[in-house]
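Guided by the hints, dock chain B onto chain A, whose structure is given.
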Amino acid sequence: NAGVMQNPRHLVRRRGQEARLRCSPMKGHSHVYWYRQLPEEGLKFMVYLQKENIIDESGMPKERFSAEFPKEGPSILRIQQVVRGDSAAYFCASSPGSGGTYEQYFGPGTRLTVT
Amino acid sequence: AQSVTQLGSHVSVSEGALVLLRCNYSSSVPPYLFWYVQYPNQGLQLLLKYTTGATLVKGINGFEAEFKKSETSFHLTKPSAHMSDAAEYFCAVSLSGGSNYKLTFGKGTLLTVNP
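So the protein lines, in turn, are chains A and B.
Under our numbering, the first residue of the first sequence is numbered 2, with each subsequent residue one higher.
Under our numbering, the first residue of the second sequence is numbered 44, with each subsequent residue one higher.
Chain A extracted, bound-state conformation (with noise of 0.2 angstroms):
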């Protein structure tokens, strides 16, 4: 049973560029989470989906982020023209609908950096 997905493992983009993290939640999961892993804090709320649909997005900063979680194909969080402060790992989790253990599950995580 294949945990959670992410790719790239590592990704490097020069200010200026986009970056696209992507996510595969565990089969059956139908909600993903995204989080923001910054050096010395812990992780912090980006962005809650559902197939088709965003939730809460009130983690997410207003300029340059988008998410998204087509009815086919992995989670998307896109950052358009990123900066140096936008290195971080960024953890995507997955949970089951409605009705089940409230657990989250972590995938490995993409680690951005910006030169």
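Simulated from the structure, these hints should not be mistaken for laboratory data.
In this text, a Cβ means the ideal position worked out from N, Cα and C, and glycines have one as well.
Keep in mind that the hints are not guaranteed to be accurate.
[Stated by the list, open to error] Which bits of chain B does chain A cover? Going by a derived footprint, with three or more residues having C-beta under 8 angstroms, they are:
(1) 65 to 71
(2) 113 to 122
[To be verified] Simulated coverage check for chain A against chain B, where a stretch passes if three residues somewhere in it have a Cβ under 8 angstroms from a Cβ of chain B:
(3) 43 to 55
(4) 105 to 115
[As the list claims (entries may be wrong)] Straight-line Cα separation of at most 20 angstroms, SDA-like style, residue types lysine to any residue; simulated pairs:
(5) B:92 - A:104
(6) B:150 - B:63
(7) A:45 - B:45
(8) B:92 - B:57
(9) A:45 - A:114
(10) A:52 - A:106
(11) B:101 - A:106
(12) A:28 - B:88
(13) B:92 - A:97
(14) B:150 - A:89
(15) A:45 - B:52
(16) B:112 - B:73
(17) A:45 - A:58
(18) A:72 - A:29
Just chain B now, with coordinates in the frame of chain A:
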């Protein structure tokens, strides 16, 4: 709104000694509480969780935690530390009820185990 405070960003113990990692939370409604462990350059793994019922929760690798509502605490303990326990530990809270299970994390506690 909810928040988590982990006292001590770095805890050092000797192998075989008691491990105690502190976590206090604030929540406007009954919380769900979690402890996660993160090994270097990896994702987060769930150690244990409290949702309802018994307030003493046992998890993997010999860890346990006790939910104390009066103290708003959820401290993590292990009777005897192993070298393999060296990692970063995160306490997290989510709100019961509703359908948004986003997690709010503490800043983490780095556990060092000395031989």
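Exercise. Against the structure shown, which of the earlier numbered hints fail to hold, in ascending order?
Worked result: Failing hints, ascending: 1, 2 and 8.
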